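Q: As a plain string of letters, each chain reads:
Number of protein chains: 6
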Amino acid sequence: MEQRFVMKCGGSTLAALPASFFEDLKGLQERDVKPVIVHGGGPAISETLTKLGIESEFVNGLRKTSDEVLDVVEMVLAGRINKEIVRKIQQSGAKSIGLSGVDGKLIGAKPVANSAEIGFVGDVTDVNVAIIEGIMGMGYIPVIAPIGIDAAGQRYNINADTAAGAVASQLGVERMIVVTDVPGIMKTIDGVKQVLPIVTVEEINAMIASGEIYGGMIPKVRAAIQCIQGNVREVIIVNGDEPGVLSKAVLESGIGTRIVQA
Amino acid sequence: MEQRFVMKCGGSTLAALPASFFEDLKGLQERDVKPVIVHGGGPAISETLTKLGIESEFVNGLRKTSDEVLDVVEMVLAGRINKEIVRKIQQSGAKSIGLSGVDGKLIGAKPVANSAEIGFVGDVTDVNVAIIEGIMGMGYIPVIAPIGIDAAGQRYNINADTAAGAVASQLGVERMIVVTDVPGIMKTIDGVKQVLPIVTVEEINAMIASGEIYGGMIPKVRAAIQCIQGNVREVIIVNGDEPGVLSKAVLESGIGTRIVQA
Amino acid sequence: MEQRFVMKCGGSTLAALPASFFEDLKGLQERDVKPVIVHGGGPAISETLTKLGIESEFVNGLRKTSDEVLDVVEMVLAGRINKEIVRKIQQSGAKSIGLSGVDGKLIGAKPVANSAEIGFVGDVTDVNVAIIEGIMGMGYIPVIAPIGIDAAGQRYNINADTAAGAVASQLGVERMIVVTDVPGIMKTIDGVKQVLPIVTVEEINAMIASGEIYGGMIPKVRAAIQCIQGNVREVIIVNGDEPGVLSKAVLESGIGTRIVQA
Amino acid sequence: MEQRFVMKCGGSTLAALPASFFEDLKGLQERDVKPVIVHGGGPAISETLTKLGIESEFVNGLRKTSDEVLDVVEMVLAGRINKEIVRKIQQSGAKSIGLSGVDGKLIGAKPVANSAEIGFVGDVTDVNVAIIEGIMGMGYIPVIAPIGIDAAGQRYNINADTAAGAVASQLGVERMIVVTDVPGIMKTIDGVKQVLPIVTVEEINAMIASGEIYGGMIPKVRAAIQCIQGNVREVIIVNGDEPGVLSKAVLESGIGTRIVQA
Amino acid sequence: MEQRFVMKCGGSTLAALPASFFEDLKGLQERDVKPVIVHGGGPAISETLTKLGIESEFVNGLRKTSDEVLDVVEMVLAGRINKEIVRKIQQSGAKSIGLSGVDGKLIGAKPVANSAEIGFVGDVTDVNVAIIEGIMGMGYIPVIAPIGIDAAGQRYNINADTAAGAVASQLGVERMIVVTDVPGIMKTIDGVKQVLPIVTVEEINAMIASGEIYGGMIPKVRAAIQCIQGNVREVIIVNGDEPGVLSKAVLESGIGTRIVQA
Amino acid sequence: MEQRFVMKCGGSTLAALPASFFEDLKGLQERDVKPVIVHGGGPAISETLTKLGIESEFVNGLRKTSDEVLDVVEMVLAGRINKEIVRKIQQSGAKSIGLSGVDGKLIGAKPVANSAEIGFVGDVTDVNVAIIEGIMGMGYIPVIAPIGIDAAGQRYNINADTAAGAVASQLGVERMIVVTDVPGIMKTIDGVKQVLPIVTVEEINAMIASGEIYGGMIPKVRAAIQCIQGNVREVIIVNGDEPGVLSKAVLESGIGTRIVQA
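Protein chains in written order, with my numbering: chain A, 1 to 262; chain B, 1001 to 1262; chain C, 2001 to 2262; chain D, 3001 to 3262; chain E, 4001 to 4262; chain F, 5001 to 5262.
Reference listing, derived: stretches of chain F covered by chain C, where coverage requires no fewer than 3 residues with Cβ under 8 angstroms from a Cβ of chain C: (1) 5072-5081; (2) 5085-5092; (3) 5098-5111; (4) 5126-5140; (5) 5148-5159.
Cut-off 25 angstroms, straight-line C-alpha distance, at most; resulting in silico cross-link-like pairs (PhoX-like, lysine-lysine): (6) E:Lys4051 - D:Lys3051; (7) C:Lys2051 - E:Lys4051; (8) C:Lys2051 - A:Lys51; (9) F:Lys5220 - E:Lys4187; (10) A:Lys51 - D:Lys3051; (11) E:Lys4088 - D:Lys3110; (12) F:Lys5051 - C:Lys2064; (13) E:Lys4051 - B:Lys1051; (14) B:Lys1026 - B:Lys1095; (15) F:Lys5220 - F:Lys5248; (16) B:Lys1051 - A:Lys64; (17) E:Lys4051 - A:Lys51; (18) A:Lys51 - B:Lys1051; (19) E:Lys4095 - D:Lys3110; (20) D:Lys3064 - E:Lys4051; (21) B:Lys1051 - D:Lys3051; (22) C:Lys2095 - F:Lys5110; (23) B:Lys1051 - B:Lys1064; (24) A:Lys187 - D:Lys3248; (25) B:Lys1064 - C:Lys2051; (26) C:Lys2248 - C:Lys2095; (27) B:Lys1220 - C:Lys2187; (28) D:Lys3187 - A:Lys187; (29) D:Lys3220 - A:Lys187; (30) D:Lys3026 - D:Lys3088; (31) D:Lys3064 - A:Lys51; (32) B:Lys1051 - C:Lys2064; (33) B:Lys1110 - A:Lys95; (34) D:Lys3095 - D:Lys3034; (35) D:Lys3051 - F:Lys5051; (36) B:Lys1187 - C:Lys2220; (37) A:Lys88 - B:Lys1110; (38) E:Lys4051 - F:Lys5051; (39) F:Lys5248 - E:Lys4187; (40) F:Lys5051 - C:Lys2051.
Simulated from the structure, these hints should not be mistaken for laboratory data. As the structure is a prediction and not an experimental result, all values here were calculated from the model. For each residue, glycine too, the CB sits at the ideal point set by N, CA and C.
The shape of chain A in the complex, shown without the other chains (with noise of 0.2 angstroms):
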C-alpha cells in the first residue's frame, strides 16, 4: 500500500547528512513509501549574506527580510541547497526533482502579522497540492524550498517547520518527521540519563519550565512543536545521523522521541 511522509530538514543539519541517510530514503522509495521533503537553510543564507556584506537587522532574533534579503534567501535556497539535496538523493539511487514555493504557486501565502517589523516574512495560506501529487505521480521525489507567493506576485520568505506543516496537513498526512542531530528530547530517570519515546506537547512546556529541557535544545523543540497543525497529529525528532533512521522511523518504531498534541 501506498504511504506518504513528510520530512523536514533543518539548514544546519542538511550539510552534515551521511550517505547512510540518502541510501535508507531510497531504501524507502523502491519499498512504495513517498517522501516529500521541506528544507531550510539558514547557515547558507547567511554565510551567503556574510559574503556579499549583505547587513540584515534582526528584530527578536528573527532577520528581517528586506527585498535584498529575500533576493539572496531565495537564491540559496531555491538554486543552492534545493539542488544540494536533489543531486545527493539522486547519488543514491533515486530519483526526485525539486521545486520552490514559488514554482506554479506551490505555497501561496500572505504577511504575518508583525511584517511591519520584520519584513517579507509568510503565512502559508494554500498549497497547491496538485503539483506535489503530480510529481509524486511520475516517480519522483518532491524536494521544496519554502518561499511563498501571493495573488500579487511577492514572495515571502516562510519559516521551514510551518511550511513543513502546511505541506503535510494538506497531503493529509499525520505523522511528519523532523531530522535533527540530536536522538531525541532526554530526561534522567532512576539516574539514568535516556532518551524519552514519547511525550506531549504539554509535558514539555513543563519540562522547559523546570529546566529539564535547557539551552539549544528549547528551540529544537520548538521547532518540532510548530508541524503540529491542521491534519499533522505528531511529530517524531530523530538524528539523521544515525544509521537507517527513516526506515526506523517510518516502517518499525521505537527510535527518537514522538511528541503527541495531547
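With chain A fixed as given, assemble chains B, C, D, E and F onto it according to the hints.
A: Coordinates of chains B, C, D, E and F only, in the frame set by chain A:
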C-alpha cells in the same frame, strides 16, 4: 491542434524583457501553443562572482568553470534567473514551473573535448523528455536552467544555445525562436538599411567575411546558428522588446530574420 | 577649411568600439576635421561602486550622487575611461589630451533643481571654450569627462548628453554625432523594416506614443534629443561598430538617423 | 584544600554558554577551587577569514595555517574570544586575566611533523607553569589562547585539545573537563538510549567501529581523548548548557561521561 | 635601585620601531629599570575596519565608537598590536606579558562627557595597579592595550595618551616618555632651526598661537601634554628611530624635548 | 622675469598640505613664477587596492605592478590625486590643469631593467615639453601624474621622483623643490640638534653610514637625490606644513636643506 515551440533567451536579454512579452506568452498558452523556455544568465553570474570576490580565468573568451564558479553558476541560474522568469510568467496569468537540468537528470551531459582547459563545461548527451512533457501535461510552461549532470552526479555548465537546441531537437521541434535585443540581421539594399526576412547559414558566413555583419552582431548570429542541430531546421532571431513578437513569430510570419540550414 | 565636430559616446558603447572607429577618427584629423569628444561611463562606475562595496540609492531611476559616490564617479571618469579613450586614439596614430570638466574650470556648473533628492548632480552654467580651443590649437583631440565645478569649488556629476550639447553649443557647432550600438531609428515601410534617414523631434515623440519606438530604444533617442540645445540644430545617431562611420557622418551623408529640431 | 582543574571549551561551544555556566564557575572559585581555561575559536576564525576575504586551503580537513591566516588566528583568539571569556567571567563576579601562549612564552612549541603540508601548526614542547601559578596566586582565573611560540619567536597555531592536555599535565592535574553541547556518550541498553557514566578509550574505539558512536559524535570523543596525555588520566565530557554542570563534574560525580585511559 | 618608567607609543610609530629600540629596552630591564608600555593602534584599526567593510562616522575628527567598531578596536589592540609588541620585546631577549585594560578590570572607565555623540569612548576612573606590579614582580614587562571597562561590564575605547598618563600617575611615576617619529619640538634661534631641550606647556601654547609649531606637529605635542596629569610632572618627546633613545631619556639627559607643567 | 620651478610632492605629504601652501603657490603665480607639479600617490593607491581586494606582491620592498595593479595606479593617480590637487590650487584662486603622462604622450617610457621581476614599472625616455609649455602659456599650472607610455601604447608606473627630475631636466630647471613632512636634514652640532642648510650627496652617504641619518629619514633623502639628474643640479627638501614655504624656497633662501651634487 497542440503546437510546441522552444525559445531561448540570453541572460542580458532577460532583464530587459517588457511585460508585453509575457502577456504575449500567456496569449499563446491560451491558444494551446505550448512553449518551453531555456535561458542563460551570463551577466547576473558575472555580477555575483564579482560581488563574492571569486576571480575566474578566461580561456579564449570563455570563463573557466572551476568547482567554485560552478556553485555560483548553479545558484544564480537555478535559484535567481529561473525563478525570476517563472514569476514574470505567472504575473501575466500564465502557469509555469522552473527546473534545473539537474532535476530528475533532465539534461544528461559529458565533459566537452577541451574540458582540461575550461573546466566543468558540458555537452548534452540526452534530454529526459518525459519530465518536460509531464510538466506541460500538468498545464505548466517549463523554464529550464542549462545545468547538466552525468551518471556520476557531476554537474556541468552548459551553453544555453546548445541546451536549447538539444531540448528542441529531442522534443521534435523544427523551428526555434531566439530572443535578442536586435530586430534581426540587417543589410543595405538599394541604399536602404533593412532587416533581412530570411538568410542561410552560408550567406551569414559570407556576410561576416565581407564585413556586412560586424561587431557585436557576430556573436548573436553565431549563437543562433548553434541552436540548429538534430531535428531543428531553422531559428528565428527576434527582438524581445517588440510588442507581440512571439505571436508574430509562431503564428504569423514576417518578423525578425529566419536563419535556415541551407 | 577647418571643420569642428562634437561627438558623444555613452559609457557602455565605449568599451565595445572597434579599432576601426579610432582609425576613422585619425583619418578625419588628417583632413583637418577637428573632433571634440565628450564621454559617459555608467557601467564602469557601477562596477567600481560594486567592487568598493558602496551602496547607492536610486531616485526615479537616477543614482543619487552622494559625496562618496562622486569621488568614485570622478576617479573612474577622469582617471580610467578618459585615459582609456586617449590611449585608444593615440594607438591609431592621432594625438589626444584628456581633461576633466574640473581642469581649468572647463565645465562651470550649478546644482540641478531637484538636487535635494538626487545629490551632487549639476546643470552646465558655462564652458571654458578657450581651453578646448587651446588644446585643439596645439594639435590634440580634447577628450572631456563630464564633471562640473562651481565657483565654490564643489564638483557635480553632469549628464554626458547635457555636457556634450553645452560644449557643442558654446563651440558654435550645429551638428553633433551621438555614437550608439544601434544603426539608427527603425520603421517598417511597405513591409520592410528599415533605418529612417531623417526624423524630427516631434515625429519621434509620435513614434514613441504609437509604439513604433519601444523598449531600450526610447532612452537612446531621448539622450540624443537632450544634445539639441543652444546652437546645436541636429544630432546624428550612428552605430560606432559600423566601419568608417564617422567619416560617413561628417563628410558624406546617408548614415544613421539625423534628428532635427523641427 | 585548594583544588585545581583545567577545562577546555571548543570555539562553537563558547558562544552558546549560558550565564549559569559562569555563575557556577564563580561559585567554584569561592570554594577555593582554582580553574584554568584553555579555549578554541574555530567558527569565529572562519567567520573573520571570510569577512576579510582570505582564502585558506584545507589539507585532510585541516586548515593550512599560512602566515596571513596565522595573523587572523592570533587576533581572533587572543583579542576577541579570549577577552570575551574574561568579560563573561568577570560579569559573574569572578576575577580573570586572559593570556595568549605567546605572553611570557607561556606555550613553547615546535612545528608538527607534517608542517610542510599544513603550515604553522605546532606541537607543545613546554608550558611556563610559573606564569599560570603566578596569575592564580594573584587571585585570577587564567584564560589561555592556544598560540605557541618557539625559541626563534615563530608563532604556531596549536590545537586547543592538545594545548589543554599539555597545560593540565604540566600543572599535575589528573582529571580534565571538556565542555561540549552533548550530554555525554550514549548507548542503547535494554531498549533505552542512555548516557554512559564511564567508558575506556578502548571501548570508545570499539563503539566507533560498531557504529554505536557515529556522525558528529566521533570528532567530539576524539578531541576529548587527545586531552589525555602525560599526567592527565581521565577526561569528563559534559554539556555546558546543563545548569550547575561544573560543580557537579568537579565536586560530585555522575554527570556526563568519564573517559578513562584503560 | 629599582626605577620605573611608563612609555607611550602611538599606533603609527610602533610599526616602524627598529630592532635597536627593543634591544635598548632589554638593556634597561637588565639594569633593573622597570618599564610599563601603553600603546595605541589607530592605523591598524582603520585598516582592519576598511578590510571588514565597516563604515565609521567621524565626529569632529574622532571616530564614533559604535558597538561594531568597538569589537574591532578590542580585537586589533588586544589581539594584534599588543601581541606584536610582546613578541618584539621577547625577540630582544627581554620578558613581557601583554594585557588589555579589560583583564582583571585593569583600567576602570566611565563614558566621556560627549558619549552621546562619539559612542563608547571612556575616561579612566581607576587603575588596578596591583596587577601591573604583580606582573613586574614576576619579572615581565607589562604591555597594556587601552581598553577600559566599567562596573556593568561595558567596554570603552580609551585614548592611549590618557590611559598612559593615568597608569603612570597611579604608579607614582613623575616623568613619562612619549615615543614619536620626530626629534622633539623645533624652534629657529639665531637663524638655526634646532630642537628645544625643555619647554613649558604655556610656551607650547604660545608657539602654536604664533605659528612656530604648525601642521602635524600640533596633535603630537597635544597628545604629549595629555599625559601630564595627576602625579606625572613632565613628558619627554623622543624619536623612537634614534639609536639608544630610551637609555638616553631614562638614564642620561639631553635627548628630545622635555615638556614640563610650569 | 619669468621664473620656472618644478616641485615634487609625495603621496602621503599631499593629503596633509594646509591651505596656506596653496595660497603661497598662488602668490608665486601672481609674481610670474611658473610652477610645474609632479605628484605621487602611494597611500591612496594602497588604500584603493585594499578596498578592491587586489593583492599585490612586493619585490624588495617595491610593489609588483601587474596589469590589474596598473589599472588602479592610473585611475587613482590621474583621476583622484591629480584632480584633488587641481581643485585645491583652484580654490586658492590660481589656475591649473591636470595631466597624466599618457596625455599627448607627455612622459615617454620604457621598461626598467628588472621589469621581469617588478612588472610594468618604467624609466623615462623623453618628456613632451611642448605640452607643458603650452599649458603654462595658456596661464595654467600643469599638474602631472607620473604614468609613462611607450611607442606601442603600453603604460608604465613611473617613480614620482624620477619623473619629476626628468621633467625639470627637460625644462632646463636647475633647482627643484621636494615637499616632505620634515624640516630638512638634521645634525647635532655643539650639543644642539639643528637643520643643515646645505649638504652634498657625498656627505649624505657618510651620514647614513655613520648613523647620523637613520630610520624613516633614509628613504626621504634617497628620494630627493633621485631628482638630481641631467640639468638638475640641486634639490631643496622642505616641510610643506611650514607657512610660506614655497616663496621662501624659490625667492629667498635659508629654508630646509639644499642637497647639492658635489
